[in-house]
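For the sequence shown, position 37 (counting from the first letter as 1) is numbered 37 according to UniProt numbering, and the numbering increases by one without interruption.
Among the hints, erroneous ones may be present.
Below, a list of computed lysine-lysine pairs in the DSSO-like style, where the Cα atoms sit at most 27 Å apart [said to hold, decoys possible]:
hint	residue 1	residue 2
1	K58	K48
2	K37	K55
3	K48	K60
Rather than coming from a laboratory, the hints here were simulated on the basis of the structure.
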Amino acid sequence: MRRRPAKQQCWRYCRKSLVFGLNTLRAATNNFSDSLKLGEGVFGSVYKAKIFDGKQVKVKRLSTTSGFCESGENRSRRA
């Protein structure tokens, strides 16, 4: 069985996520405030956030050292 290239695997995962700009995520998480931090794992930290339409979401700020998607992109999912 052939493995997919890393970028294809990332895209398959990321398609299920909502994508926001960094400025939007900073505003929604109060600049990634520790008071909104829900937890931390191997790939990065998870924050509680409220986006512009009032919906609560969880934002995962991927660590640049995690190697996930090769770029440390920020992704979020609906809570």
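Hint compliance check: list the failing hint numbers for this structure, sorted ascending.
none
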